[in-house]
Amino acid sequence: MRKLLSRSNFRKLSIINLLFYSKSEYVEKQFILDKMEITMKTLNKDILEINEFYTTFHFQIEVYQKNLLYLKKESGVLLNNSLLGSYMIYNSDIYNIAKLAFRIKPDFVEQVAEFAGISKSSAYSRLEEFDDVLAANSLFLDRSPLNIVGNELNIRFFYFHLFEKAYPFSGWEIPEVDLEVIYSFIEKLAPYMGIYLSPIAKIDYAIAISVCLVRIRDGYYVKLTAQERKAVTEFAHLYSFSNIDFTELEASIGGISLPETERHLIVLSLRLTSFTFFDDSKVQRILDYNKQFRPSRYLLAEEIAKVAGTDYKDIELLKAELLAYFSKFTFLEKAAQITDIDYFSRLTAPDQMIKKRLQHIVNEASDDKDLAFVRKNKSVILAYVYEFVHVAMLSKNVANSLKIKVLSKKGPVWEQFMKYEIRKRFPEKLVIFSNELDSKEHVTDYDLIVSDYPVAISNEIPILIWNMPPTKQDLKALETMIYKF
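When you line the sequence shown up against UniProt numbering, it's residues 1 to 485, in that order.
Just so you know, the hints here were simulated from the structure itself, not pulled from any lab data. Careful, some of the hints might be misleading.
DSS-like, lysine-lysine: derived pairs with alpha carbons at most 25 angstroms apart [said to hold, decoys possible]:
no.	residue 1	residue 2
1	369	291
2	356	378
3	369	230
4	73	355
5	355	369
6	72	29
7	223	72
8	356	369
Note that the structure is predicted; figures quoted are calculated from it, not measured.
Generate coordinates for the entire structure from the input sequences, incorporating the hints supplied.
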């Protein structure tokens, strides 16, 4: 999120986050001043702007006894930081300028001002701010015509994350590509790959595919290094990508033939989403592939998975999840280019002994010449590993029963954690879980959806939108729903 927002907007989200996760109802102003390293004048200004900006959400940051802050919201309001961040991105100058660069590519600043409905001087100012955001993502802005330049993969990652973050409010923003055509392709690809995509992951993957197609239609192709090309070819061979039919995707962009590399990258864009393996043989294939072609990466995943405990119901799944995370670094050398890093909802790290074991494992891996990405991104990888292992250890004894459908944008391990949080407070007599793998076909088989991301499945099924990890208010809202049934 930080790489997609201006500094002031990110600061405002951070203030809201501190209030979301406060252990008490009230937070001292001084605590926020120290944490955010801002003045009282800036804090007061931010609060006024937050309250004005989020009026439609029916919540306010209120002051109590002059020096305390708290979140005041109407009962029944579904709210989490992900939703507020999406709304902020959707209404940002950065998002609007990016859309212009993606679709229209105005020739002059005057045209930018005209399309955005602002003055020429404001257009210059906002383009400067946009340039700063791009620089944080190793990209640059060409202004005549308006266009983002840099490594093509980085450009696609940037557009993907921007569009998927804004989606809950923007809806489908890539009219050049028919969403139903993309869904048709995904429906055929998912069973072939042996995976299930939740409704959240499905729309994310559709956005990723569409960004690729529009860029290809406009004449922008990815150029891979010899090492990257080798990695793509190996994976394509592993899954027999040559058997996948891309005809309908090609037809959607005027019959342009997709080069082999671009076809492979469209499939590999699955790694930008979270998914669940339902075919154990495909999981084993992933593990065997890494064991043979990326032994250092495989051993690192194995060592980390062992820390989570050998009694986890599917240790192989943990390895596969970790390998999927590591694969993000195949084409992105620096974690700074991964714009979906979660800067807000950090879970408590494991106890110190577990933490030291993980530090030792990652430190050793950073010395391996075949794991250069670990050395370059150690702090980010350690933060992810702490959270991953903590969630896996808490989740391993979750009961497998049904009634509430749990969905997490972050993937199946986090869904298990959400179930763990629910099970800690509510026995099976009150709550059972849905584990089916097709939310649309069996939507009436559960009474409630709990998700960490706004998702539309059915108007008939109530949805609770949680923070990750859930706040006291999130759990209280679930308790209210449970006792209503």
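Hint check results:
Only pairs whose Cα atoms come within 25 angstroms are accepted, and residue 369 paired with residue 291 is accepted, the gap being roughly 17 angstroms. A threshold of 25 angstroms between alpha carbons decides the hint, and for residue 356 with residue 378 the separation of about 14 angstroms falls inside it, so the pair holds. Restraint check for residue 369 and residue 230: satisfied, since their Cα atoms lie roughly 18 angstroms apart, inside the 25 angstroms limit. As the CA atoms of residue 73 and residue 355 are separated by approximately 37 angstroms, the hinted pair breaks the 25 angstroms bound.
About 24 angstroms separates the Cα atoms of residue 355 and residue 369, which keeps this hinted pair within 25 angstroms; it holds. For a cut-off of 25 angstroms, the pair hint linking residue 72 to residue 29 stands: about 16 angstroms separates their Cα positions. Among the hinted pairs, residue 223 with residue 72 is inconsistent with the structure: their alpha-carbon atoms are about 51 angstroms apart, more than 25 angstroms. Distance restraint check for residue 356 and residue 369: the Cα-Cα separation of roughly 22 angstroms lies within the 25 angstroms cut-off, and the hinted pair is therefore satisfied.
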